[in-house]
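S.K.: Going line by line, the protein sequences match chains U and E. For the first sequence, the positions run 1 to 345 when our numbering is used. For the second sequence, the positions run 1 to 514 when our numbering is used.
If you are wondering where the hints come from, they were derived from the structure by calculation, not from laboratory data. Think of the CB as a built atom: it goes at the ideal place given N, C-alpha and C, for glycine as much as any other residue. A hint or two may mislead.
[Unchecked claim] One side only, chain E facing chain U, incomplete, derived with CB under 10 Å:
no.: 1; residue: P236
no.: 2; residue: T237
no.: 3; residue: R321
no.: 4; residue: P334
no.: 5; residue: I343
no.: 6; residue: P378
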Amino acid sequence: MGQALERIAVPMLALLASAFLFGLLLAVYARVDPLEAFALMYQGAFGSWFSWQNTLSRAAPLILAALCTALPARLGLVIIGNEGAVVLGGVAGAAMGVALAGAPPLVVQLGMIVAGMAVGGLWVALAGALRQWRGVNETIASLLLTYIAIALMNHLVEGPLRDPQSLNKPSTASIGDANMIGTIPGMDVHWGLVFGIIACLLVYIFLSFTTWGFAMDVIGGNAKTARMMGLNVGRYVLLACGVGGAAAGIAGTVEVAAVLGRANASLAVGYGYAGILVSFLARHNPLAIIPVAILLGGIAASGGLLQRRLDLPDAAVVVLQGIIFVAILASETLYGRLLPRKQGS
Amino acid sequence: MSVIGTVPFPEHRGAPSLELVGFSKRFGALAALDDVSVKVNAGAFHALLGENGAGKSTLVKCAMGYYAADQGQILLNGREVEIAHPKQAHELGLGMVYQHFTLVPNMTVLENFVLSRGKLPPVIDWASERRVLADYFSTTPFTVPLDTPVADLAAGQKQKAEILRQLYLKRTLLILDEPTSVLTPDEADEVLSTLKKLTRDGAVTIITITHKFREVNAFCDTVTVLRRGKLVDTRPTADLDNDMMAEMMVGRRDNRVVVEREARPPGKAVLRIEGLSVADHVGQLAVEELALEVRAGEIVGVAGVSGNGQRELVETLAGQRDAQAGRMLVHGEPYTATRPEMIRHKIACLPEEPLRNACVADMSVAENMALRSFDQPPASPDGMRLRRLPMRDMARRLIEAYRVKTPGPDAPIKALSGGNVQRAVLARELSSEGDLLIVANPCFGLDFAAAAEIRTRIVQARNRGAAILLVSEDLDEVLQLSDRIVVMFDGRLALQTDAAQADVGAIGRAMAGH
Chain U
1 MGQALERIAV
11 PMLALLASAF
21 LFGLLLAVYA
31 RVDPLEAFAL
41 MYQGAFGSWF
51 SWQNTLSRAA
61 PLILAALCTA
71 LPARLGLVII
81 GNEGAVVLGG
91 VAGAAMGVAL
101 AGAPPLVVQL
111 GMIVAGMAVG
121 GLWVALAGAL
131 RQWRGVNETI
141 ASLLLTYIAI
151 ALMNHLVEGP
161 LRDPQSLNKP
171 STASIGDANM
181 IGTIPGMDVH
191 WGLVFGIIAC
201 LLVYIFLSFT
211 TWGFAMDVIG
221 GNAKTARMMG
231 LNVGRYVLLA
241 CGVGGAAAGI
251 AGTVEVAAVL
261 GRANASLAVG
271 YGYAGILVSF
281 LARHNPLAII
291 PVAILLGGIA
301 ASGGLLQRRL
311 DLPDAAVVVL
321 QGIIFVAILA
331 SETLYGRLLP
341 RKQGS
Chain E
1 MSVIGTVPFP
11 EHRGAPSLEL
21 VGFSKRFGAL
31 AALDDVSVKV
41 NAGAFHALLG
51 ENGAGKSTLV
61 KCAMGYYAAD
71 QGQILLNGRE
81 VEIAHPKQAH
91 ELGLGMVYQH
101 FTLVPNMTVL
111 ENFVLSRGKL
121 PPVIDWASER
131 RVLADYFSTT
141 PFTVPLDTPV
151 ADLAAGQKQK
161 AEILRQLYLK
171 RTLLILDEPT
181 SVLTPDEADE
191 VLSTLKKLTR
201 DGAVTIITIT
211 HKFREVNAFC
221 DTVTVLRRGK
231 LVDTRPTADL
241 DNDMMAEMMV
251 GRRDNRVVVE
261 REARPPGKAV
271 LRIEGLSVAD
281 HVGQLAVEEL
291 ALEVRAGEIV
301 GVAGVSGNGQ
311 RELVETLAGQ
321 RDAQAGRMLV
331 HGEPYTATRP
341 EMIRHKIACL
351 PEEPLRNACV
361 ADMSVAENMA
371 LRSFDQPPAS
381 PDGMRLRRLP
391 MRDMARRLIE
401 AYRVKTPGPD
411 APIKALSGGN
421 VQRAVLAREL
431 SSEGDLLIVA
441 NPCFGLDFAA
451 AAEIRTRIVQ
461 ARNRGAAILL
471 VSEDLDEVLQ
481 LSDRIVVMFD
491 GRLALQTDAA
501 QADVGAIGRA
511 MAGH
C-alpha cells in the first residue's frame, strides 16, 4: 500500500521541485513572474481545444519513443538510443514509401510502418546484442549508435536518397499526398497518437499477462536466478531491445507519413531524447507513459506561447525538461525512505 | 610506582611475541570464537589451522582491530595493549597480508610502497624515494622490480611485494591469511622459505592461516588448531603428523548421524559429468577435467575447503556459468542447462544464500515459488498466457506443506527470514519431484532446527529415488547425508569413497591436498 503511494508521490515531488527550480530561474535570471509563466504554460498546453491538439500531436511520438527505453528497462538495461531509432525509422519509412510509389495507399502505408519497425528494432537490438555477447555497456552503445544513426540519415538524405528538388533542406523524395496517413477524424491530431496508445496497451498486456513478460521481470530482478531457471537471457535482451526499437521506429515513420511527408533533418528534433525522459518519469510503466507523454508534450507545446508573450527563448521549455530529468533521477534515492515503514518482520 | 599505560611503550626491535588471551566473538546467534587463547613466541612461524568457519579469520581480525572482540586481551611482548582499530595495530608493528592482493595493479611497486606510507608531502620527490627504496631493497632477502606496474608481476612476485611492503612499513609481526592460495606450489615454496629465513633471523614473527598440511610441515614451527570457534590445541609441528593434524582439524566424528534413510541400492546413473573444465571469473580454470557420476537414489557429497572449484561446478550445473570443455549428461542425454532440458529431466537446484542466488527478492513468495513452473500448466495453459490465480493456489499449498512462515503468498520474499526463504525455495525445487537435485551449502546461515529440517527433506528426496549432488563446506553435513563422498581440491577430485567406509582422517588430508 505504502509502496503504491510512493510510486505516485515520488515523481510528483520531483515534478513540484522542478517547477519550483524553474520558477526560481525565471524570476531571478529571466526576470519574469513565474506564476504568470506557469499560467501561460497551462494555457499553451491545455487551455483550449487548439492547444490540446497541439499537445497531443507532440505527445504521440513521445509515447512511442518512450517504449524504447521502458521495455529494456524491465530487464535492468538502460537504453537511451531512442533518437537513433526514431531517425532511422523515419528514413526507412520514407525510403519504403518512395519505393512503393504507385501502389495502393494502404499497401504503401503498411510497407512504411513495417520498414520503420524493422530498422528501428534492429538498430536498438544491436545495442542489446553488443551488451549480451560482447559486454559493451548498453547505455553508451545505444547513445553512440544514435550519433551514427543521425550521421547515416544526413548521408542518405544528402546523397543516395536525396530529392534533387530539395534545395535548402536536403530531403528524400516526397511519399506523395495520397500516402499520408492523415488525422484522427474530428481532430487535428494524426494517427500516431492512436498507434502509441495501442502500443502501450499491447506492451502492458505483454508484460503483465504473458509468461514472457514474467520471464523479463525475473531477468530484470535477478539475472543469476533467471539463468538458474534456464531462461535464455540473450533472447529476451534481443526481444526487449528489438520491440522497443521498433516502437521508436514507428514514431519516426509516423513523423514522415503524417507530418513531414519526407525524411529530412526535421526527424532529429529530440523526440527520442524526450522519450527517455518520459520513460523514466513513468518509471518504465507502459500505462503511465501515456499521461506523462501528454504532460511533456504540453510543456513542449507551450514553448511558443512563452516566447511570444514573455519574450523567453524557445529553449526555456527544454531547460524545464532538463530540470525535470535531473530531479527524477535524483528522486530515485527517495524510494523506501519517503514514508516511515515498519522494520522487517 | 608506575601505572601500566602511563609508561611509554618501550621501543622494541626485532620479532615480538604475541599472546591472545580468552578471545570470544559472537555474530548474532553464532559463536565465531569461544574463549580462544593462542601464544605465539617471538620469531616463530606459527600456523593457524582449521576448516571453514573454524574462527581463524575472525581471530586474526580481532587481533588486527578490524573486529571488536566481545572478550579477550592482547599481550604484545608480555604487555597488555589495546587494539581497537587497524591503525593502532599498524603502529604496534602488526601487519596483515591477505589472500587476495591489495596493491594497486596499475601503479608501479615504487608508487605502491610510497602510497602505503600514509602521510605524504604534497609534492613527492620520486628520485629520493626511489633511492631510499632501492637502498632498502638491498638489505632485504628478496626484491621485486621497482618500476614494474604491479599488474605485470607474476603472482609469486606480487605476494612478495605485499610482504616486502609490510617489512618496509616496519611491521614486525605479520599475519598472513592463506598467503599461498593464489600461488603455484613452487611460488608458494619460494615465498614461504624466504619468510622462514626472516623468522630465523629474528626479524619478524609470522602467523599464517592455512589449510595446507604440506606447508605447515615444511615451514611452520608451531600449529594452533581451531574447530568451530574453539581452540583444539597448540603444539610444535615436530610432534605432529598429517593424521594427527587432520584429526585435530575435523575431529573424531560419528560418520552416521541418523536421518531416517532407507537402505536402497543406487539405481541408474542420472547425472554424468565427463572431463568438465570450468573457468572462474578471472578466466583461470577452477574446475579441471572433472568426472563424476550421480545415480538415482544416492546422495553424492562433495567435500572440500571453499575455493577449490565447488562454486564453479555448481554454477555450471545450474546453468549460471559456461563450461570450457567437457560435457554433462542427464539420463544419458547431453545437458546444457536450458529450460526445456531442466523441465524435461526435472532438475532442481538448492544453492547457498537462496535469496541472492535462487530468488527474485522484489517478487512475491507466490511468484518466486512459480519460477520453475510459470510457463507450464496450470500457471500457463499454453506456455504464453500467464494465470496468476493458479500460481497463488499452488503457492498456498506449498506454503502449507513446507510450513513456510510468510504473511501470505503475495508478501515480497525478501521480507521472509533466511530459513523461510530456504524453505520456500526448497518447496519450489522439490515439489516437482525432480530426478536430479543439485544442492550447495543448503544450510549456510540457518539455525539448527531449520538446518535439520532441510537435511531431512533432502534425505527424503533421496529415499524416493532422486539423484542428489550435495556440495558442502560443512564436512559434518557431507558425512551425515551422503552415500558416497568425493573431496574436491584444486578443481579436481582428490578422493572418492563410500560414506559407510569413509575415513575421516583421509578426507581431512585430501581436503588439505594430501
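S.K.: State for each hint whether it applies.
M.R.: Verification of the hints:
1. Look at P236 of chain E: its Cβ only gets to about 47 Å from chain U, farther than 10 Å, so that hint breaks.
2. Nearest Cβ of chain U to the Cβ of T237 of chain E: about 43 Å, over the 10 Å cut. The hint is violated.
3. With a cut of 10 Å, the hint placing R321 of chain E at the interface with chain U holds, because the nearest CB-to-CB distance is about 8 Å.
4. Of the supplied interface hints, the one on P334 of chain E is violated, with its beta-carbon coming no nearer than about 15 Å to a beta-carbon of chain U, more than 10 Å.
5. Because the smallest distance between the Cβ of I343 of chain E and any Cβ of chain U comes to about 8 Å, under 10 Å, the interface hint for this residue holds.
6. Among the interface hints, the one on P378 of chain E is violated; its C-beta lies about 13 Å from the nearest C-beta in chain U, farther than the 10 Å criterion.
Comparing the model with each numbered hint stated earlier shows that hints 1, 2, 4 and 6 do not hold.
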